[in-house]
Amino acid sequence: MCSNHDNHDNHDNHDNHDNRRRHNHDHRQIGAAAEHYSAEQNTVPGQLFPLTLTVNGHLQQLSVRADERLLDVLRERLGLLGTKEGCGIGECGACTVIMDGKKVNSCMVLAAQAHNSSILTIEGVEEPDGTLHPLQEAFIEAGAVQCGFCIPGMVLSGYDLLARRPDPTEEEIKQAISGNLCRCTGYRQIIDAVKLAGRKMRNGGNDED
Amino acid sequence: MNPTKQVNQNTNQNPDQGKLLQTDASPEISFKAVNKSFARLDGYEKVTGRVAFGADISKYRQIYAVNVLSPLAHAKIMQIDLSQAMKVPGFTAAATAADVPGSNSMFGRFPVLAAEEVKFIGDGVAVIAAETREAAVLAASLVKVTYRELPAVLTVKEALAPEAPRVHPDLEDNHIEHSHHKMYSGNVETGFSQADIILERDYTTGFAYTGYIEPEAVAVYPDPGRNGIVIEGTIQNPYSVRENVAAALGVPMNHVRVIQTAIGGSFGGKDESVIVMAARCAVLAAKTRRPVKMVLSREESSRIGGKRHPYFSHYRIGATRDGTITAIEDTVYAQGGAYNKQAMFLNWRGSVHAAGPYRIPHVKTDIYGVYTHTLYGTAYRGFSAPQLVFAVESLIDELAEACRLDPLEFRLRNCLKPGDTIPSGQTLDPEKMPANLREILLAVTDKTGFKKKWQENRIRAIQPGHQNLKQLTPQQLSGIGLSATYRGAGLGGEGLDTGAAVLTLDRDGYLNIQSSSTEMGQGIRTAHAQIAAEVLGISMDRVSFSPTDTSITLDAGPTVASRGILSGGNAVKIAAEKIRARLASAAVEILGCTRNPHPSRNGGKEALEFSNDTVYLSACPENSISLTELAMECHRNRGIPLTAQGWFTPEPEKLDHATGQGNAYPTYLFGAAVAEITLDPGTGKISVKKITAAYELGRAVNPDIVIGQLTGSIMQGLGYGIMEEIDVRSGALQTLNFDEYMLPGVMDLPEVDILLYETDSNVGPYGAKGIGEIGIELIAPAIANAFFNATGRRIRELPLNFERALLGKALR
Ligand code: FES
Ligand code: FES
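Each protein sequence line maps, in turn, to chains A and B.
Numbering-wise (my numbering), the first sequence opens with residue 1 and increments by one.
Numbering-wise (my numbering), the second sequence opens with residue 210 and increments by one.
Excised from the complex, chain A in its bound form (with noise of 0.2 angstroms):
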C-alpha cells in the first residue's frame, strides 16, 4: 500500500512549548481563514486554477482557488474529512498529513505547493480492504485514543517516524510526535502505541516500506 515515499533522515526540528512562543506571528496570515480576509477586500477570490496530485494513491485533476490550503482541498474538495483543522497556523499538527514522503500540516501548504504531488492522508494508512495499519491497531490496543481528534495526526506523524525507524527510541517517539497536540490524553498511551506499533511491524505483523 502507501509507501510511495523516500526514506529520509532529515529531522525537522519540531516545535516543543518554548520555541512555539517565537516564531508565529508570520503563520497567522496564512491560517485561519476566518481570519484572514481584509475589510479592504471587497470581492471573495474566485479564480480557480487548475491543480493536479496523487491521493492515497489516486490521481486527482481540480479546480481551485489560489488562497485554498491543501487542508481546505482535503476536505472540501475530496472529502477526506480524516484530516481535521485544530489551529490553522501550524502548531497543533491536526492537519498532519505526508506529501512525498515528508509530514507536513496541511494548513500551512497551499494547493498550489502540492501540485504534482503525491499525498498519503489518514484514510490511506489503512488496506484498502479495512485491515487496519499495525499502528492503528496498536492505537486501539495500547487505549492511545480519547476523543480522537488528534489521532489522525498522530498516526500520519508515526506512520513517517516508523518509516525511517523501523525500532526508535522514546525519546525519537517524542521528537516524531512534538508537532502534534493531544489535550485528552497526556500523551504516554500514544507513545506507547507508537512504540507497540513499531514491535508488530518488525516481527512481520503487516507490510512495511
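Just so you know, these hints were derived from the structure itself, not from any lab.
Keep in mind that the hints are not guaranteed to be accurate.
[Said to hold, decoys possible] Below, in silico cross-link-like pairs of lysine-lysine (DSS-like), each with a Cα-Cα straight-line distance of 30 angstroms or less:
#1 K899/B with K661/B
#2 K662/B with K1018/B
#3 K626/B with K174/A
#4 K679/B with K626/B
#5 K898/B with K174/A
#6 K660/B with K195/A
Given chain A, put chain B with the ligands in place with the hints provided.
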C-alpha cells in the same frame, strides 16, 4: 480495616494491567467484564478517521454562519449597519437581537445576540450567513456597528468597588445571584485563640482555557417533519441546548432535536459556547429555511468559549505548636465574567472543599461569585478544585514550615481518617467511605523517597548564597512537593444526580444501549458496555450504542461532575438487571429448573449463571442455552419484552444554605501526589521530572481508560501549574491561538507513576465513583510546593511561568 488494594502502577503500557486487577483485596469478588482493560468501542472509527465531528457534518444547500463580535468590554449598541455586508456576493441572511423570535435571555442571562449593550469582548452582536464561509467572513467584517463605550469593570476588585458600574443593571450590585456559599462549623475565633501560630495568605489563579483540539462546530437545519429544527454538533449537554434553543425560538422542546456528533474534547467547555452558537444558527435556519453551519476558528473559539474561573482566595489558618490545625477561615471570590451559568454550583462544591482534606474543628468559609465585563467562566474540569486545592495545599505547606514539621508529617497529623467528620458535619462512614488518605500519602511519599529528598533540598535552599540563582545549576535547584485532596463524587447537592438508560437485547442476542451520558472521549460508552456485559454475561463485541439524540435518548441532565459512571453507570446496571430477570424467567422453564427465589440464603448462589453469551444452571453447566436462542425464544414465542429502562435517582444530598451543614455528597474520592522538578536558573523554566500520584476511586471499570483519564488530567494540571495563562489586559484576550496559549506538548511530559486504590463502596456501580476530574487538581500545588522546596521562595499565583519563577511576579 478497610479492604483497599493497590492495583496497578506505571502508565507504561502494561498488557497485564487487567490481570493485575484480579489480585483483589476482596478475592471473593471476581468480575467477568468490569475491572478489565477492554479496548474502546469507538477505537476503530477514530483511528481510521471515519468518525464524524461537528465540522464534518454537511447538508445539501447549507449556508455558513459567522459571528460579529464586540470589540469592546462594555458599550451601548447605537446602530448596526448591514448595508455593506449585504453587498458581498453570496450573502444570504443576517440576524441581530431583533430577529430572535422567542426569549433573548437564555439560562445564565446569556443573550442569543446582544440587544441593548455588549458586556464583554467577544459578545455576539450579529450573525451573518452566506453561500461560502469565505463570503460570510468577508460580510461579517463589513458589518458596521456603532457603539457608545461605557465604563467597564474588568477585575473583581473593580466590580466590588462602591458605585461600580453594574454588569447587569437590574441587580443591586455585581454579586452573582445565589453564588455566595458558606461553610460554617465550630467557632473560628475560639479556634484561633487556641492557636500558637496563625498565618494569613492570599492565593490567585487566573482564567484557563479548556484547550480542546477541536474547535466548536454545529450544523442546524429545518426538520421537515414537524416545522422544527435539528441541531448536530460538538455538544456536551444536548438537553441544555434543546431547552435554551427552544426558548429562543419560542417553540416547544420537542420541536428542537439535538444530535451529538463525536466531540473532540470538551472537559466541561462545550456548553455555553455551543448553546449560543446553536441558538444563533437556529434563528438563521428558521429565517432562511436552509441548513446553517458554523465552525469556529481557533481564534473565535478562544474568544467565545468559556474559561476556568479565576479565584482570589484569602486564607487565615491557625495551628498549635505541635502541628494540629485549630481553625481555618477563608474568603474567596470567583470571577464569573459577563454571564453566568455555573457560579452557584461551582461555589457550592468549592465551599465543601475549601478547607482541604483535613480534620479542622473550626471552619468559616465564604465563597462569592462576581460579574465582570470579561470572558465568562465555564465548568472546566475540576470545577473549583484546581483553584482551591492550589490555595489550600500551598497554605498547608506554609503552615507546616511555620510549625517546623515536614509537609508529610504535618499532613499525616491532620488528614481526614475513617469516621472523621468533615466541615459540613457529614461523617465519613467507614462502611461506605474508606477515607484512606493516610495510606495514600504514605504510598506516594515512600515510593518517591519524599522525606529524604525534601530535607536535602530544604537544607540546600537555606544555605547562604542559594538566593543567587544564577550561580546554581538546575540540579542544585531540584525540588519535591506534596499535595492531597478529597473530592465529592457526582453532583451531590449541586442538583439531582439522575442517570437514565434504555437497553434492548435484540432477538439475535446482541445488545443496544441508549444512554443519557454523552461520550466526549472519556470512554463512558465502553465503561457502560462493560457494566451491561457484567450483568448479562454478554461479550463486548455484541454491544452497540444509539447516538445521543434528544429524540431517542432520555433526558437525565448533563454529563458533568464525573457522574457518567456513578449515576449513568447505575442506570445501565438497573436496566441490564431487568433484562436479566426476564431472561431468567424464561430460562428456568426451558432448562427445567426452579428459580432460586432467595439466592442470598443459598450460599449466595443463583440458580442461573450468565456468562460467555450463554445462560446455564450453576449446578450443572452442561444444561445451557445460548443468549441468542434465549432471546429469540423470548421474542418469538413468549412475548417477553427485552427492552428495559434504567432510571437511577439517588437520595438528594442537601446542605443548609445558611451554614453549609448537611450531607454534601454521597461519597468522596481521595488522592495525593508528589511532583519532582528542577528549575533552570537562566531561563526560569521549571521542568517537571516526575509525578507520582495515588487515587482512591472505588473501582476502575476499565483500568486502561482510567489511566488515560488520569494521565490526561495530570498533564492539564501541569499546564495549569506552569504554562497556561490567559492575558486579558484591558479586557481584550491576547492569547488567541496555540502559539500564545501554551498547551503542554509531549516534550513536557514527565515520568508519570499512577497508583490506583480500589475500595468496596455501595454507591456507584461495582463501587466505581468516577475519575474524570480528580486527576487535575493536585498537580499545580505539588509543583508550587516543589518550587518552594527547591528555592525557598513561595509563589502564590498561577501559573509558575518563567517570569514568576525568576522574579516572583509576572512581567506586565
Ligand atoms: S490545523 Fe494545521 S497545525 Fe493545527
Ligand atoms: S485524543 Fe483528544 S486530542 Fe488527542
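We went through each hint and held it up to the structure:
Of the pairs offered as hints, the one joining K899/B and K661/B holds, with about 16 angstroms between alpha carbons and a cut-off of 30 angstroms not exceeded. Distance restraint check for K662/B and K1018/B: the Cα-Cα separation of roughly 27 angstroms lies within the 30 angstroms cut-off, and the hinted pair is therefore satisfied. With a CA separation close to 41 angstroms, the supplied pair K626/B and K174/A exceeds the 30 angstroms bound. Between K679/B and K626/B the alpha-carbon distance is near 44 angstroms, which puts this suggested pair outside the 30 angstroms criterion.
Distance restraint check for K898/B and K174/A: the Cα-Cα separation of roughly 15 angstroms lies within the 30 angstroms cut-off, and the hinted pair is therefore satisfied. Note on K660/B and K195/A: the hinted pairing is violated, with a Cα-Cα distance of about 35 angstroms set against a maximum of 30 angstroms.
When the structure is compared with the earlier hints, violations turn up for hints 3, 4, 6 and for no others.
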